[in-house]
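Chemist: Letter by letter, the chains look like this.
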Amino acid sequence: MKKNSISIVKNPSCLSKKIALVFCLQLVFIWTSFAQRTTQLFEKEIAVSEEVIIKSKGPASPRITGNGVLHIRPVDKNYVVSGRKDEVYVYVLDKRFEIFTWDKNKVKQSTRVTLECETESQTKELLSALEVELRANAADQVLVDCKLNIDRFMIENGWFRADDNSVVLSNGKEYKIKYLELSTTLYVPRKSQLDLDTEEVFLSLGDHEGRLDLRMNQGTFTANKLNELKGSLKSVTLEIKELSKGELRAKGSKISINRADELILESSLSTLDFQDIGKLIFNKSLSDKLSCGQVKLFFVEEALYTSFDLINLKEATELNLRNCDLTIANIHKETSKILIKNQNATVKLGIQNLSSYLLVNSQADKATFQLPESLLKIEEIGKEKTYASGAQPYQTRIDIDCSLCKVTLSGVPF
Amino acid sequence: MTEFEKYLQNKKKEMDLKEVNPKIWEGIENEMEIPKTKDSLTHLQDLSKKETKGRPIYHKVLGMAAVFLLGIIFSQVFFTAEKVVIPAELLASYGFEDQAVDLVLEKQLQLIRESSVPVGHKNDLQILVNQVQYLDETFQSKVDYLNEKGYAENIAKEVLQYYKSKSELLDKVIFEIQKINENEKEFNINSEKSKLSI
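One line per chain: the protein sequences are A and B, in this order. When you read off a place in the first sequence, starting at 1, and then add 496, the result is the number in this note's numbering. When you read off a place in the second sequence, starting at 1, and then add 578, the result is the number in this note's numbering.
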């Protein structure tokens with residue numbers, strides 16, 4: 497040791513050579529350690545009936561066990577698990593779950609695995625043991641598991657013990673690993689039934705003609721064209737371009753639908769942005785924000801503190817509201833009935849397209865009304881006042897029962 | 579051997595007593611100092627003090643180690659309790675001016691606590707106020723994560739979105755309280771008033 501140190505001091509060029517050598521060795525070590533990472537695509541395709549039920553929990557919610565320090569958190573669109581060193585990822589589970597639809601009566605699961613074990617032979621051994629478990633049961637159901645046949649992911653460490661990571665397969669066999677990354681894509685028949693129950697997943701679905709049962713807790717869902725959707729959403733962002741029939745329960749969510757034939761909602765604390773809806777029904781609404789381009793039929797069973805902002809109403813509406821501000825900018829001339837029950841609210845109705853209509857104000861003493869000059873009072877019984885415009889028979893009847901309200905009926909667009 | 583010694587030898591058996599006279603033992607006990615229990619403990623303590631006087635370094639080392647350990651514990655507590663600093667640009671993108679987001683929310687909550695609402699509208703407003711609980715429960719784990727593990731952009735964004743939603747909800751409650759009170763005033767309704775539970 498002493499001799500070496502003397503020689504280093506005496507010969508600085510030797511020192512730089514040694515540093516360079518150490519640096520090169522480190523590079524080689526890093527290169528060789530990354531070189532062990534192997535990516536392989538696991539695919540399986542099975543024949544199914546056209547209306548098979550496909551169930552999946554998506555890529556999140558793996559079974560992770562740990563003894564020691566364990567970090568689990570979302571990074572970008574991944575679900576990342578690390579041990580003692582937060583920045584050294586052990587498991588990276590892709591939270592994006594793409595489901596494509598096709599005309600084949602087949603279900604295909606495609607899972608990309610990137611793996612690194614202690615040695616290359618261990619990597620190869622584990623890769624050969626992994627498989628896609630995809631089979632239809634007697635009830636014509638297919639269960640899709642995005643984590644292949646891995647039963648659990650483990651991380652163990654301690655004060656004086658480095659990370660000891662392993663996965664246990666469903667057959668009970670345990671494999672030591674250094675790094676594991678999983679990402680899954682699914683292909684299903686267009687008319688299949690989908691039953692998805694996910695958490696913090698970025699889910700996208702191709703054009704689908706079957707029924708979709710969707711239970712989501714956080715995350716996003718996007719689809720182009722769907723037939724039937726029954727959804728339960730908590731803090732979810734949902735975007736659909738076309739939907740035949742939807743029944744949604746939503747809380748703290750952001751829902752955007754371009755076109756739907758029928759939509760039934762029960763929601764709270766949600767932002768709802770619709771373009772063109774045939775029949776829109778709110779069973780319950782609490783503190784939502786609705787913005788809708790066009791609706792034919794619009795019914796609200798019960799709403800509290802929600803703001804309704806409609807541009808076009810085409811046929812009829814019946815609204816049972818409390819403390820809900822309402823704007824219908826343009827009531828179509830063929831609209832037959834408008835029934836509004838409300839309190840403590842601002843109500844604005846654009847009646848510029850109505851040729852003949854009857855207005856009944858049931859709370860004349862507890863509301864202020866701003867009415868067009870052309871409107872004539874034809875009757876007053878107690879606190880109920882009736883106005884009319886145009887010739888009989890009246891095309892539209894407007895009933896407003898709104899105490900502590902400021903109501904504006906405008907002959908010009910808002 | 580003297581005459582006296584011969585006498586003692588002959589009378590030895592006669593002079594030996596079969597039992598000790600109890601009076602003799604009483605006399606002995608009265609002269610002895612027998613310490614009471616309390617006194618004996620004090621005596622042991624004194625003894626202990628005398629013995630340990632000879633090992634002060636051992637105690638000093640122990641004390642120093644204890645102080646060192648306490649220092650580590652306090653520093654851990656101090657670091658974990660330290661507020662996470664979120665970049666100003668990120669805060670601004672969610673409409674917050676500085677790090678004191680909690681204070682903004684607390685001011686809103688205080689305003690609601692101090693407000694009175696018409697009794698007839700209290701239930702509806704209470705339903706609205708109770709929605710704050712949903713937001714708190716949903717995002718508490720994210721807030722805990724940020725406080726325990728430190729700044730992480732993804733989590734910070736989710737937490738800021740939660741604060742924003744909560745702030746908007748509290749704003750709505752404040753707005754609705756003002757609205758009903760103003761409307762009642764405008765329509766000359768003098769309802770009984772009560773405070774909300776929050």
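What the hints contain is simulated information worked out from the structure, not anything from laboratory work. Here the structure is a predicted model, which is why all the values come from computation and not from measurement. Possibly wrong hints are sitting among the right ones.
[Stated by the list, open to error] Capping the alpha-carbon separation at 35 Å, the derived lysine-lysine pairs in DSBU-like fashion look like this: (1) Lys-785/A to Lys-735/B; (2) Lys-837/A to Lys-727/B; (3) Lys-750/B to Lys-780/A; (4) Lys-763/B to Lys-775/A; (5) Lys-785/A to Lys-771/B; (6) Lys-750/A to Lys-700/B; (7) Lys-771/B to Lys-844/A; (8) Lys-730/A to Lys-757/B; (9) Lys-833/A to Lys-700/B; (10) Lys-573/A to Lys-742/B; (11) Lys-730/A to Lys-742/B; (12) Lys-735/B to Lys-862/A; (13) Lys-735/B to Lys-792/A; (14) Lys-771/B to Lys-862/A; (15) Lys-862/A to Lys-727/B; (16) Lys-741/A to Lys-735/B; (17) Lys-573/A to Lys-735/B; (18) Lys-862/A to Lys-687/A; (19) Lys-553/A to Lys-700/B; (20) Lys-771/B to Lys-669/A; (21) Lys-735/B to Lys-730/A; (22) Lys-763/B to Lys-730/A; (23) Lys-792/A to Lys-757/B; (24) Lys-741/A to Lys-763/B; (25) Lys-780/A to Lys-727/B.
Chemist: Next step is simple, just say for each hint if it's right about the structure.
Modeler: Hints, one by one, checked against the model:
| no. | hint | result |
| --- | --- | --- |
| 1 | Lys-785/A to Lys-735/B | holds (22 Å) |
| 2 | Lys-837/A to Lys-727/B | violated (51 Å) |
| 3 | Lys-750/B to Lys-780/A | holds (19 Å) |
| 4 | Lys-763/B to Lys-775/A | violated (38 Å) |
| 5 | Lys-785/A to Lys-771/B | holds (28 Å) |
| 6 | Lys-750/A to Lys-700/B | holds (28 Å) |
| 7 | Lys-771/B to Lys-844/A | holds (29 Å) |
| 8 | Lys-730/A to Lys-757/B | holds (30 Å) |
| 9 | Lys-833/A to Lys-700/B | holds (32 Å) |
| 10 | Lys-573/A to Lys-742/B | holds (22 Å) |
| 11 | Lys-730/A to Lys-742/B | holds (17 Å) |
| 12 | Lys-735/B to Lys-862/A | violated (45 Å) |
| 13 | Lys-735/B to Lys-792/A | violated (38 Å) |
| 14 | Lys-771/B to Lys-862/A | holds (19 Å) |
| 15 | Lys-862/A to Lys-727/B | violated (56 Å) |
| 16 | Lys-741/A to Lys-735/B | holds (34 Å) |
| 17 | Lys-573/A to Lys-735/B | holds (13 Å) |
| 18 | Lys-862/A to Lys-687/A | violated (55 Å) |
| 19 | Lys-553/A to Lys-700/B | violated (41 Å) |
| 20 | Lys-771/B to Lys-669/A | violated (68 Å) |
| 21 | Lys-735/B to Lys-730/A | holds (18 Å) |
| 22 | Lys-763/B to Lys-730/A | violated (39 Å) |
| 23 | Lys-792/A to Lys-757/B | holds (31 Å) |
| 24 | Lys-741/A to Lys-763/B | violated (45 Å) |
| 25 | Lys-780/A to Lys-727/B | violated (39 Å) |
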